[in-house]
Every structure is written in structure tokens, then in C-alpha cells.
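So the protein lines, in turn, are chains A and B.
If you want the numbering used here, it's the 1-based position in the first sequence plus 423.
If you want the numbering used here, it's the 1-based position in the second sequence plus 1182.
Hint data in this document are derived by calculation from the structure and do not stem from the laboratory.
A quick note: this is a predicted structure, and the numbers were derived from the prediction, not measured.
Watch out, some of these pointers could steer you wrong.
[Stated by the list, open to error] A short, non-exhaustive set of chain B residues, derived as facing chain A with CB atoms under 7 Å:
#	residue
1	Thr1289
2	Gly1345
3	Leu1482
[What the hints assert, rightly or not] Using 25 Å as the maximum straight-line C-alpha spacing, the simulated DMTMM-like pairs for lysine to aspartate or glutamate come out as follows:
#	chain 1	residue 1	chain 2	residue 2
4	B	Lys1299	B	Glu1353
5	B	Lys1352	B	Glu1399
6	B	Lys1252	B	Glu1278
7	B	Lys1449	B	Glu1460
8	A	Lys508	B	Asp1310
9	A	Lys607	B	Glu1460
10	B	Lys1483	A	Asp655
11	B	Lys1419	B	Glu1353
12	A	Lys663	B	Glu1353
13	B	Lys1463	A	Asp625
14	B	Lys1299	B	Glu1278
15	A	Lys663	B	Glu1306
16	B	Lys1352	B	Asp1300
17	B	Lys1400	B	Glu1428
18	B	Lys1359	A	Asp655
19	B	Lys1196	A	Asp514
20	B	Lys1419	A	Asp599
21	B	Lys1359	A	Glu654
22	A	Lys553	B	Asp1221
Where is the CB? At the ideal position from N, CA and C, for every residue including glycine.
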Amino acid sequence: METVIYTKKLTKRFGNFIAANELSFEVSKGEIFGFLGANGAGKTTAMRMLCGLLMPSSGEANVAGFDVYTETEKIKQNIGYMSQKFSLYEDLTVAENIRFYAGIYGLSFAEIKMKTDELLTKLDMRSEAKKLVSQLPLGWKQKLAFSVSLVHDPKIVFLDEPTGGVDPVTRRQFWDLIYYAAGKGVTVFVTTHYMDEAEYCDRVSIMVDGVISALDSPGNLKKQMNAPDMEDVFYQLARKAKRSE
Amino acid sequence: MMIVTEQLKKVYGKEKIVAVDNVNLSVDKGEIFGLIGPDGAGKSSIFRMLTTLLIPDGGSATVNGFDIVKDYKKIRHCIGYMPGRFSLYQDLTIEENLQFFATVFNTTVSENYHLIKDIYCQIEPFKDRRAGKLSGGMKQKLALCCALIHKPEVLFLDEPTTGVDVVSRKEFWDMLKNLKQMGLTILVSTPYMNEAALCDRIALIQSGKILSVNTPEKLVNNYGETLYTVTGGNMYKLLNLLRSYEGTDSCFAFGNSLHLTLKYQTKKDTVVAYLQEEGFKDAAIQETIPGIEDCFIKLLKTN
Ligand SMILES: Nc1ncnc2c1ncn2[C@@H]1O[C@H](COP(=O)(O)OP(=O)(O)OP(=O)(O)O)[C@@H](O)[C@H]1O
Ligand SMILES: [Mg+2]
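If we strip away everything but chain B, and leave its shape as in the complex, we get (with noise of 0.2 Å):
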């Protein structure tokens, strides 16, 4: 196990809020591990404490058999971290960060170039750019780099591809996926479902507590309904019908289609024919199997 928490708490303010609420998790070595959650769930909160940073109210936990309290200084030199926001320098440039970083862990950039090429090479061009005249996107490649140029043994991404390009977040996701190969261990969380899907397992985490943790095979697996598309007409228009529908269960916009689950006795053909018959000629409903983003969203409406 790299990381295993008990019971972990955290607890803010004189209003007493519970950020993390007897967190149990265990992290292998080698695995890739989703933390999943609405916004304000307590993600960063577990990633703060694991990382050293923020003092536990309650439980324990271990980083690579460090506890998090006892040891911070051996953890912090085994771990690297990237925080959601502002971990950089603003007035260095890219290259002066990079080797800032490298500095404070006894390492050079061209021991561990290797480990950071994939992503680095996008914003080298750059280099002697500030920081804080980089794009958003850019900066938090530039972050990743700085996580990652002391080869540390655990990864802790607190959503590194928030502000990221589609292609660039395909690069992002296979470099972890090779970091992992070399043995790296790593705790991440995202907004983006489909990066979810491409952890090793994921926890669901709402409120501050761990409502699951499957891999994403077996949390699809597990979503119970029958899932529809439906296409035809303006959308947004057609969500709105579909919405007030006595039959519909739930109803939202999923890219170019809608995604629909009915309640129970209502039947696909009946719904086409109120669409048709509300002038949506065109209607269409498909049967179609739930990803992780329809988990999540039925997961939020039932809790």
C-alpha cells in the first residue's frame, strides 16, 4: 500500500464544517486512483493533508509507510504535488521555475528530463517566458513539470488538466500512464469524466465522505437504469419538453444528443409519440450504455 488513510478528518472553522468526514482509503503502489466529486466535496482538503500541508482533525494516514504528521519532511521528499492553482513562480521564467524546482530536491532538470519530455517539449519553445505571461493552459503543463522533475515515488494531482486542451489532455493522460509503468503511484482527481474512466479505480466522494470506490467497469456496471439518447430538433427546446414530461425520470444535455432515463411503466415508443406529436418530427430515442458522467450525475441526484 502507498497511501492508506483512516478515518481521516478535517474540520474547518468556528462553524465546525466538515470538509473530510472519516475518510478510510487505501492506494496501491503502481495504481492510478480517481478521487471523484461535486465541487466543495473535500478532494483538495484529503489531497492537503496527505501532501503534508494541512494538519488532520481526526484519523491518520500513511504516505509510502509515512505517517503524515510524524514524518511530513520524509514525505515531502518522495512526493510531488500539483495543487489546483497558483504553485508557480509568476515573475520566473519556465526554465527558471523548472530548475527552481529541481534545486530544492538536490536534482537537476537533465537527470530527470525523461520523466517530463512528453509535456515539456509543448512549452519549451517558451522558456524564457514568465510564468505569469503563459496562457492558462500553459501554466499548468508547466506545473506538471515542476511535480515531477524530482522523480518523485507518488504523484498527487489536484485536477491537473482543468484549463487544458483536448489534444494536450490526451498527452497528459498518456504520460501518466507511462509514469505509472515505471511504478509511480498516483492519487488524482478531475472534473473531465472521461479521464475518470481512464483510472485504475476510482472513489465517488460527496459531502467529505467516500460514498464508493469500484473500477470504472464495475461502477458503469452498476448504474441500474436503462439509459437513452434522444436527437432531433433544437435541443435546448427539446430538453426543456423532455423535462417537464410526466415519464421522464431525468433528463440532460450530453454534447450533440440528450441523455434520458424514464420512469418506471413509461415505454420508449410512447415518448417519441409525444414528441412527434409536439412537433419534434424528427425524435429519436436509442438505447445507449452510461458512461461515468451519467453515474455522477445520478449519483448527485440521489444523494
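Bound conformation, chain A alone (with noise of 0.2 Å):
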């Protein structure tokens, strides 16, 4: 298995506060990957690091085949990345916030108008490309960022809780393009706190107070804790949480 992301004591500071401690892991292409955590354990900040945008305190990582100290830019173009906050324009249309990014990662004039298409298409959202994204419901923004973060045909997806705050039908329609995406050999490292979805990865790791106390299938995590599902796992382990006592 190609490993596409590793990290090894992967660790962020902020003064004396340890965001992220000594995380060191592996995700292999194709892997639909759970980042799980309480509130606060550090899931956002590694994923920041992961993906460029945050300059870790020291350790080692390397994402698609680079350095997260020296080749920022060149992950920023290998990856696809959907912040816990919104991360399309809001008074932009729909086509627009397409044209938008495909065009910040350098595609042709061709090729933006052929993934527009393919886009608008495939997310059954024809008669919205002229209206606001301000105006779309929140699970179809989400569908969109997602499909919109996928544009420049990335090797590795990061997902910060695409889904908080999506219904319940809307959450399996996103979970579909996940397992579309994954399918055709992107990685996808997600983070979410709806526990149904942590059965739908491959691998997940689960974070309490900035280390990973966990990682493994969901199967295999439920056998070696005597769980009945994940819920019930990240419960054991998320108990014992120092921080927030």
C-alpha cells in the first residue's frame, strides 16, 4: 500500500498549551480515513498542519509526498481541503464559486467549463448554478464545497466536519460522494462527531487531550474494547480526558 500521508511526533504548541502532541501515523491511498476526537483534543490544528496552512512546532510530516516545513505550496496544489467553517463564497452563484476555485488552481478555460458541467451534473444541482450560495440550504453547500475542493482532481481530501449541522438524509448523500471519491483512489481524511459515520471509514483514530489513544477499524476497535459500536468506544476513551475537568 502507497502510505500517503506520515507523520511522526507531529506536535503543535501555542505558548505553553500542547494543541497536538507527538502524533505519528500512517494513511495509505484510497483509505477513507476517521479523525475522531472530543471537542478541543486537536483535530482542527493537525489538520492544519497536514495541510499547509499551520507550521507545526516540530516532528515530521509529509503529505502527498511533501514536506509540511518546506513544500507548502506544493500540498496546498496535491490536496483538497473543506474547513469546520464555511469555505465557499456566499455571494457568489453556485457556477461562480466553481469557476472560482477551479480557476485559483490554474485549469484551462476548457477545462473549468467541462467540471462546471460535470459538477452541476453529477450533484443534480442544474436549475441552482445562477443563485447564491447564501440562498442553498447547508447540506447542499456542503455537497458543493466537497465536489468544489475535488476540482483540481487532488490526491488527498481533508474534510473538518463536513456534515455538523446536515440532516440526516442530506449526511448519507455526502457520505455517497465520499465513498465515490474514495473509490476512485483519493484519500479522504475526515473529521466528524456523529458516530454513524465513524462505522463508514476504513481506519479512524480517535484523539483525547492532543494524542491519539486509538487507531484502528472500527471492527477491530469494537472487538479490543468489548464495544457494541463506536459511540460506545470513543465514550470509553474520551472519559478519560484530563483537559476539560
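Take the two lone chains, each set in its own frame, and fit them into one complex as the hints suggest.
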């Protein structure tokens, strides 16, 4: 298996506070990797380091073959990122957002036109193309943001709580998109607070107080911890958290 | 009655999009009442009208006996509101945010500390940190504390637990139950269906209309179909196979299993045999009791 994300003792401090503490793990190509943890555990911090958006304090990390200290521009070109906050322009239309992002990544005029077409069809959003993004329901925005993050055919896509606040039906449609992308060889690195979604990942890690305290397939974790579901696994681990007492 | 709406209506923009369509609701004192619906159903617009931040285009509503248009000042004093997003001062610290909200309502943090203690103690170690530097879930917790600190009689919570982790969500709902015991009335929306099940009553809302108001138990009892769980093998492949199977009425992923309803006359054993024929040697199908999430999915499919 080709490794596309590699970290060794990756650490981020804010002053005296250690937000991410010596993270070491690997993710393979085409894998759906669930990055779980309690609030404030350090998920977003870690993800931003992997995306080349935040300089680590120490440790190593390599993403899509590039170093997070010295090759951040290369990383950005080879990954997609959907932030926990919103990542589209609310006052541009759906089509304008697609064109804008495709443009940033240097796609040619013809490619942009093709991509826009392809995306609108896949998302079943043709009749919404001229609508402002601000007028779309949250779940649609998220599906659009995900597709836009893939517009330059990145090797890896980082999704920070993409389904937060999204309704049960749209969440499932979102996961269809994830599976589709993974099927095409895209590596998906995703955080979520929905424990049913944890079951949909190939492997998950669970962060507690800045440290990865478990990492395996959902099936193995349930077995090891004698838990009926991932919610119970999470409970058992997160209860040991110290930070928020 | 703590909240009453009559034919409440909201229309947006030149295109006259009807976001809230003649909504009639009544919420009792001391009730936890849930608004459940898909994204864009109009829940937040209802919240904003009831909290007097948005003027209705039709109908009327009262909160604690006060009219939402005429008596808006009185309402603002007796309610707490937690909007979905952006309710904190990003450049104030946790502690300063809380103090600010207490001061605005002529009270102090220590006077009502008991109301927020269970949640606040989780973020208190970071009380000198600016809100802008908190994680997403920590912000939600602070926002709830700010909405509660003046001891409101009615609480409006628009997706309060979005972004909040599983363990804290449980604590959060324990806290809501305590507040209910103290006599607070709570109107809450949530995308987590297992939280909907914890409400006294829930209204299902779609395209601005109330489809039904019921207790969670009755809603589930009205499901009206036999629901099965399917396990065994690669879930995604199994899902795709069952979706294209002619006897399937609906099939969707449900955590570590699939949920399946069958067309009239299709037998469970026929499906098992079919799956085994297709190479899913361990396929198993079992009848199961539907939950709120199943009802929600069914409702959206039929509307
Ligand atoms: N710029 C910063 N300065 C100081 N502390 C920070 C900064 N950014 C993040 N932190 C702190 O680091 C910790 C980890 O935050 P992070 O956003 O990574 O958590 P998270 O796991 O993504 O949580 P959530 O599930 O709530 O999104 C938190 O305590 C947060 O307040
Ligand atoms: Mg985060």
C-alpha cells in the first residue's frame, strides 16, 4: 500500500499549551480515514498542519510526498481542504464558485467549463447554478464545497466536520460522494461528531487531549474494547480526558 | 402555554420564497419541544421571529403571553437565545463573554452560576482564552452558557449541539432536563435524531410547513412498515446491491448495518437467498424497531 500521509511525533504548541502532542500515524492511498476526538482534542490543529496552513512546532510530516515545513505550496496544489467553517463564497453563485476555485488551481478555460458541467450534473444542481450560495440549504452547500475541493483532482482531501448540522438524508448523500471519491483512489481524511459516520470509515483514530489514544478499523476497535458500537468506543476513551475537568 | 403561533408566516426576497408557511404551534410551560426538519426547512426563521429578531409577514405569535411584534422588549428580557452560529465576541475571552451577557441583563455570573456549572466547568480551565481561538465545540458550549446566564424563562436553542462531541452532547441534554425540572420551557432544533427522541414533543417541518406534531413514541409507532437491519460483508457494496434490487422499497446506511424496507409481497428469506447468491455469504436480515431517524428519512422520501 502506498502511504500518502506520514507523520512522526508531529506537535503543535500555542505558548505553553500543547494542542497536538507527538502524533505518529500513516494513511494509505484510497483510504477513508476518520479523525475523531472530543472538542478541543486537537483535530483541526492537526489537520491544518497537514494541509500546510499551520507550521508545526516539532516533529515530521509528509503529505502527498511533500514536506509540511518546506513544501507547503506543493501540498496545497495536491490536496483539497474543506474547513470547519464555511469554504465557499456566499455572495457568488454556485457556478461562479466552481469557476473561481477551478481558476485558482490553474485549470484551462475549456477544463473549467467541463468541470462546471460535470459537477452540476453530478450534484443534481443544474437549476441552482445561478443561485447565490447564501440561498442554498446547508447540506447542499456542503456537498458543493466538497465537490469544489476536488476540482483540481487532488490526491487527498481533508474534510473538517463536513456534515456538522446536516440533516440525516443529506448526510447520507454526502457519504455517497465520499465513497465515490475514495473509489477513484482519492484518500479521504475526515472528522465528524456523528458516530454512525465513524462506522463508515476504513480506519479511525481517536484523539484525547492532543494525543492519539486509539487507531484501528472500527471493527477491531469495537472488538478490543468490547463495545457494541463506535459511540461506546468513543465514550470509553474520551471519558479519560483530563483537559476539560 | 408558553409559546403560541397562529398562521405564522415569513416570505423572503423578490422571488417571494415562503420560508415559514402558516405555522401553528403551541408549547407548554416546562416542555422540551423539538423542531426537526431537513436543511432549509425554515426552522431558523421560526426561531428568529419568536426571539423578535425578524418581523413576520403574516400571522401572529406570543411568547410568555407577550406579542412578538408589540411587546418585543418584554420578550427579550425573559428569553435566552442561542443562534446556530456567530453569537460570541471573538476578541473577548471566555470569561469576558460570559460577564458581558450577564451585565446586559443586569445580573451577575455568580448569581446564576448553578445554571451553567455542568457545561461551563468544561471550558473554565481556558477562561482567559479569546473566543476566536476556541475549538468549534468549545464555542458552542460558551454560547449556551451566555444564553442561560440571565436565567431566562424560555430558551430558544437553534442546533445547540452541532459540532459538540458525543460525550458533551449527553451532558448537554442532562443539563436541559435539569433546566426543565426548574420550570424552563425549551424550544430546540437538532440534526441528531437521537436527541430528537429526548424531547417531550417534536414537530416535523419541511418547506416551511409543519407536517406533524407528536411525542417521539407515537411518531415511531406510526412508522407503519416492517423495518429490517442487514449485516454481513462490505457495507457499501451491499448497499449498492440492495438499492438496485427489485424487491427493495428503501435501503440506507445506518452505522454498522443497513436499514431496509421491502416492497409489498417481497419476503425476507428471498432477499437473504438473493444476497447469498450474489456472494454475500454472511448476509443476515433481522426485523428491527424503527427510530426517529428512520421516520425522518421515510417522511422526506414520501414528501
Ligand atoms: N491559535 C490558537 N491559540 C491558542 N490556542 C489555540 C489556537 N488554536 C487552537 N487552540 C486550542 O487548541 C486546542 C485544540 O483545538 P482544535 O480546534 O484543534 O480542536 P478540535 O479537536 O478541532 O475540536 P472541535 O471538535 O471542537 O472542532 C483547543 O483547546 C483550542 O482552544
Ligand atoms: Mg475542529
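Right, here's what the structure says about each hint:
The criterion of a C-beta within 7 Å of any C-beta in chain A is not met by Thr1289/B, whose closest approach is roughly 26 Å, and the hint is violated. Given hint, Gly1345/B at the interface with chain A, holds; its Cβ is 5 Å from that chain's nearest Cβ, closer than 7 Å. Taken as an interface hint, Leu1482/B checks out: its beta carbon lies about 5 Å from the nearest beta carbon of chain A, inside 7 Å. Taking the CA atoms of Lys1299/B and Glu1353/B, the gap is about 11 Å. The hint holds against a cut of 25 Å.
For the given pair, Lys1352/B sits about 20 Å from Glu1399/B by alpha-carbon distance, which is consistent with the 25 Å threshold. Between the alpha carbons of Lys1252/B and Glu1278/B the distance comes to roughly 32 Å, so the proposed pair goes past 25 Å and is violated. The hinted pair formed by Lys1449/B and Glu1460/B meets the criterion: a straight-line CA distance of about 17 Å does not exceed 25 Å. With a C-alpha separation of about 23 Å, the suggested pair Lys508/A and Asp1310/B falls inside the 25 Å cut-off, and the hint holds.
Distance restraint check for Lys607/A and Glu1460/B: the Cα-Cα separation of roughly 23 Å lies within the 25 Å cut-off, and the hinted pair is therefore satisfied. A C-alpha spacing of about 30 Å is found between Lys1483/B and Asp655/A, which places the hinted pair above 25 Å, so the restraint is violated. Only pairs whose Cα atoms come within 25 Å are accepted, and Lys1419/B paired with Glu1353/B is rejected, the gap being roughly 37 Å. The straight-line distance between the Cα atoms of Lys663/A and Glu1353/B is roughly 15 Å, inside the 25 Å bound, and the hint therefore holds.
Our distance criterion of 25 Å between C-alpha atoms is met by Lys1463/B and Asp625/A, whose separation comes to about 21 Å. This hinted pair checks out: Lys1299/B and Glu1278/B have alpha carbons roughly 16 Å apart, not beyond 25 Å. Our distance criterion of 25 Å between C-alpha atoms is met by Lys663/A and Glu1306/B, whose separation comes to about 18 Å. Our distance criterion of 25 Å between C-alpha atoms is met by Lys1352/B and Asp1300/B, whose separation comes to about 11 Å.
Distance hint between Lys1400/B and Glu1428/B is unfulfilled; the C-alpha atoms sit about 31 Å from each other, more than 25 Å. Distance check on the hinted pair: Lys1359/B and Asp655/A sit about 22 Å apart at the alpha-carbon level, within 25 Å; holds. With a CA separation close to 16 Å, the supplied pair Lys1196/B and Asp514/A stays within the 25 Å bound. Annotation: proposed proximity of Lys1419/B to Asp599/A holds, straight-line Cα distance about 12 Å (limit 25 Å).
With a C-alpha separation of about 22 Å, the suggested pair Lys1359/B and Glu654/A falls inside the 25 Å cut-off, and the hint holds. The straight-line distance between the Cα atoms of Lys553/A and Asp1221/B is roughly 20 Å, inside the 25 Å bound, and the hint therefore holds.
Checked against the numbered hints above, the structure breaks hints 1, 6, 10, 11 and 17 and satisfies the rest.
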